[in-house]
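**Q** Just so you know, the protein sequences line up as chains Y and D, in that order.
Read in order, the letters of the first sequence are residues 167 to 566 in my numbering.
Read in order, the letters of the second sequence are residues 167 to 566 in my numbering.
If you're looking for bench data, these hints aren't it; they were derived computationally from the structure.
Any given hint could be a false lead.
Copies of the same chain look alike in the list, so a pair counts if it works inside one copy or between any two.
For lysine to aspartate or glutamate, the following EDC-like pairs were computed, each having C-alpha atoms within a straight-line distance of at most 16 angstroms [stated by the list, open to error]: (1) Lys420 to Glu175; (2) Lys169 to Glu282; (3) Lys428 to Glu175; (4) Lys169 to Glu421.
Number of protein chains: 2
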Amino acid sequence: MAKISTKAELMPASAIRKLVPLADAAKKNGVKVYHLNIGQPDIKSPRCALEAVKSNNLVNVSYSNSAGLIELREGLVNKYYKNIGINIEVPELIVTIAGSESVNLSLEITCNPGDEVLVLEPFYTNYNTFAFMNGLTLKAIPTDIRNGFQVPPIEEFEKAITDKTKAILVCNPGNPTGTLYSKESMLALGDIARKHDLFLISDEVYREFCYTDEPHFSAMHIPDLEQNVILVDSVSKRYNLCGARIGCIVSHNKEVMAAAMKFAQARLCPPVLGQIAAIGALDTPQEYFDAVREEYIKRRNYMIEGLNKIPGVFTPLPMGAFYTIAELPVDNTENFARWMLESFRIDNETTMVTPAASFYKTPGKGLNHARIAYVLEIPEMEKAIRILAEGLAQYPGRTI
Amino acid sequence: MAKISTKAELMPASAIRKLVPLADAAKKNGVKVYHLNIGQPDIKSPRCALEAVKSNNLVNVSYSNSAGLIELREGLVNKYYKNIGINIEVPELIVTIAGSESVNLSLEITCNPGDEVLVLEPFYTNYNTFAFMNGLTLKAIPTDIRNGFQVPPIEEFEKAITDKTKAILVCNPGNPTGTLYSKESMLALGDIARKHDLFLISDEVYREFCYTDEPHFSAMHIPDLEQNVILVDSVSKRYNLCGARIGCIVSHNKEVMAAAMKFAQARLCPPVLGQIAAIGALDTPQEYFDAVREEYIKRRNYMIEGLNKIPGVFTPLPMGAFYTIAELPVDNTENFARWMLESFRIDNETTMVTPAASFYKTPGKGLNHARIAYVLEIPEMEKAIRILAEGLAQYPGRTI
Numbered sequence: 167m168a169k170i171s172t173k174a175e176l177m178p179a180s181a182i183r184k185l186v187p188l189a190d191a192a193k194k195n196g197v198k199v200y201h202l203n204i205g206q207p208d209i210k211s212p213r214c215a216l217e218a219v220k221s222n223n224l225v226n227v228s229y230s231n232s233a234g235l236i237e238l239r240e241g242l243v244n245k246y247y248k249n250i251g252i253n254i255e256v257p258e259l260i261v262t263i264a265g266s267e268s269v270n271l272s273l274e275i276t277c278n279p280g281d282e283v284l285v286l287e288p289f290y291t292n293y294n295t296f297a298f299m300n301g302l303t304l305k306a307i308p309t310d311i312r313n314g315f316q317v318p319p320i321e322e323f324e325k326a327i328t329d330k331t332k333a334i335l336v337c338n339p340g341n342p343t344g345t346l347y348s349k350e351s352m353l354a355l356g357d358i359a360r361k362h363d364l365f366l367i368s369d370e371v372y373r374e375f376c377y378t379d380e381p382h383f384s385a386m387h388i389p390d391l392e393q394n395v396i397l398v399d400s401v402s403k404r405y406n407l408c409g410a411r412i413g414c415i416v417s418h419n420k421e422v423m424a425a426a427m428k429f430a431q432a433r434l435c436p437p438v439l440g441q442i443a444a445i446g447a448l449d450t451p452q453e454y455f456d457a458v459r460e461e462y463i464k465r466r467n468y469m470i471e472g473l474n475k476i477p478g479v480f481t482p483l484p485m486g487a488f489y490t491i492a493e494l495p496v497d498n499t500e501n502f503a504r505w506m507l508e509s510f511r512i513d514n515e516t517t518m519v520t521p522a523a524s525f526y527k528t529p530g531k532g533l534n535h536a537r538i539a540y541v542l543e544i545p546e547m548e549k550a551i552r553i554l555a556e557g558l559a560q561y562p563g564r565t566i
Numbered sequence: 167m168a169k170i171s172t173k174a175e176l177m178p179a180s181a182i183r184k185l186v187p188l189a190d191a192a193k194k195n196g197v198k199v200y201h202l203n204i205g206q207p208d209i210k211s212p213r214c215a216l217e218a219v220k221s222n223n224l225v226n227v228s229y230s231n232s233a234g235l236i237e238l239r240e241g242l243v244n245k246y247y248k249n250i251g252i253n254i255e256v257p258e259l260i261v262t263i264a265g266s267e268s269v270n271l272s273l274e275i276t277c278n279p280g281d282e283v284l285v286l287e288p289f290y291t292n293y294n295t296f297a298f299m300n301g302l303t304l305k306a307i308p309t310d311i312r313n314g315f316q317v318p319p320i321e322e323f324e325k326a327i328t329d330k331t332k333a334i335l336v337c338n339p340g341n342p343t344g345t346l347y348s349k350e351s352m353l354a355l356g357d358i359a360r361k362h363d364l365f366l367i368s369d370e371v372y373r374e375f376c377y378t379d380e381p382h383f384s385a386m387h388i389p390d391l392e393q394n395v396i397l398v399d400s401v402s403k404r405y406n407l408c409g410a411r412i413g414c415i416v417s418h419n420k421e422v423m424a425a426a427m428k429f430a431q432a433r434l435c436p437p438v439l440g441q442i443a444a445i446g447a448l449d450t451p452q453e454y455f456d457a458v459r460e461e462y463i464k465r466r467n468y469m470i471e472g473l474n475k476i477p478g479v480f481t482p483l484p485m486g487a488f489y490t491i492a493e494l495p496v497d498n499t500e501n502f503a504r505w506m507l508e509s510f511r512i513d514n515e516t517t518m519v520t521p522a523a524s525f526y527k528t529p530g531k532g533l534n535h536a537r538i539a540y541v542l543e544i545p546e547m548e549k550a551i552r553i554l555a556e557g558l559a560q561y562p563g564r565t566i
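Please put together the full structure from these sequences, using the hints given.
**A** Have a look at this one:
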């Protein structure tokens, strides 16, 4: 029988979806599952975005420019980025099929097979997938849950850099940690990128989900690094339009943008109906973001307090995104998560978390960590946490 | 300065967009350009597809399953494919980001870098791009404009097959030729695939644009080849929703589909608003297709007759898609196309064609061929052809 490619064979399956069949089986048996495992927010998309789609008067949904509809590109440059102090020209931005295409393109454009990319561990699992697809090696720079996964001393980077190192890939605020890097940390990363002439690929798709009072400090704000910074951004994430699949890649580096355009042309154009939603979303009033932010701060505080009250659980206070990593008093979070889905119920309900080992590259790390998303309303979270606490108390593999 | 990857550097730019800046420059100077160069149809999308988008009542455009919304997958399987005698189960189909992702996935899943893929020449230029991106070699099987680019004797394939050959990639009906392959030709391709255990990747995105009275014979209809056939399809192309970016990959081969799912998960999900349009499009009445078909037959006949009346021009009668390849009486179609855009006007209007050499892999082939799309209304085509004929008469590089 005709054999599939080695790449297809070895391609890692989505680790975070591994337990989904168990959740589906539980639901089939009438069990209610509280999903703390996924980053699918229940927050409404902005009305102006939905209205733009509903009131569109296209008679033919035809191709757009490979770089995206000009109204969207100009809108992003002049309405959105200018507003947050990122000054770019229209040719320095290409609309992508969400943040996913933007990350993959950034790696594909900058790295040859065999090249190394530094990434703060734990990190978004699909970085691993995209690295695999491009034949790259991710090199994990360890961080520490006890200090909230902050950027470690710069020596850790110096130690990891070899002549194969081509880029630093950073997610700020971070998935899965929710960690927000300070201006000082970003400047330190910039120094190391400048010193070794590395690309700094900055995934800032959670930029509007920051819970400090300071403005977000973007990699695009780092002085004297114009030719090295590539910004990965997501319009669909920012405006709770995840399914619209619209993002962008941004850089002052002309070579990078010219290359990105060649790849963009190969897939003809980004989805046009999503682009129409995105154009509408550009008019989202500040009150929308304020309300979303207030809601997430409430949920985060509730979740973090609830988790830290459970004996043996520790989680830091994340300052961005809508995730946190929690240390659980168990031997292995994956076994625990399975057990919860298969065997543990309170009033025929259970709670699902994501085992966090898949966010680590270093073997053995994160085995007792779980990623928890605070994307449910508080009454739901209340029950989810209560069930989690009781599950931890009764779990045979508990360590305290 | 940090250097981009070798792949990014060597990645071919879109050959068919190379002349676009010249067209833009002409338009800026007030010149009207008749676009016979692009496959952007002016045909309206089905009302039911547009209505589905306008009347959607989502409050949050959230992710779909990585394989696509279940309503869409079930609808494609039970409403569309069953209807045309392609019997598949839901897990044998994954919704892709248009035909583009489906082609790329098919190559990525089946071929290792260095593997060879047979393709009938001339072929869609992005096959080349996707082959390059995956490190593959396309091996061109020559066809002949004089017999309408039909599948050559099977010995031509036997001669081209080596131990590196992994797949045959066929486009039926074809872009850029408009050639429709007969049942016999498809069975012959099936025989060769079966004999050498090759994958047969069949790009049938123009299936609904066939101008014979026989039903389209799909690679999925070839007996005893279930494990080798991969179907590339496009919902957005079929329903004149090109910008919606919805297609699918279909195969009875479980290994292929499991691999496709891993790649699908990496990009999270196909565009959801486009999927909503596609679900609506499934209810498109047969009258819509009949009317589109009738319109294209009219345009095709007008175009082919008009072209063949020009001294020195020859084009066969294509039986599918909305393109034809025409032999022009010029030394080099690219130079001629440039000259038309830069220097030739009638009443301040000119005509743009696509030089066809980029659809050939064999050096020197197709230099006097142009791809002509018949996607304009007849009064526009009339003027476009008149200008083309006059341009050919006056062109300094003409050969007759």
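**Q** Hint by hint, note whether the structure agrees.
**A** Verification of the hints:
1. Lys420 to Glu175: between (36 angstroms within a copy, 12 angstroms between copies)
2. Lys169 to Glu282: between (30 angstroms within a copy, 14 angstroms between copies)
3. Lys428 to Glu175: So Lys428 and Glu175 pass the 16 angstroms test across copies only (10 angstroms; inside, 28 angstroms).
4. Lys169 to Glu421: Close across copies (9 angstroms), not inside one copy (38 angstroms); limit 16 angstroms.
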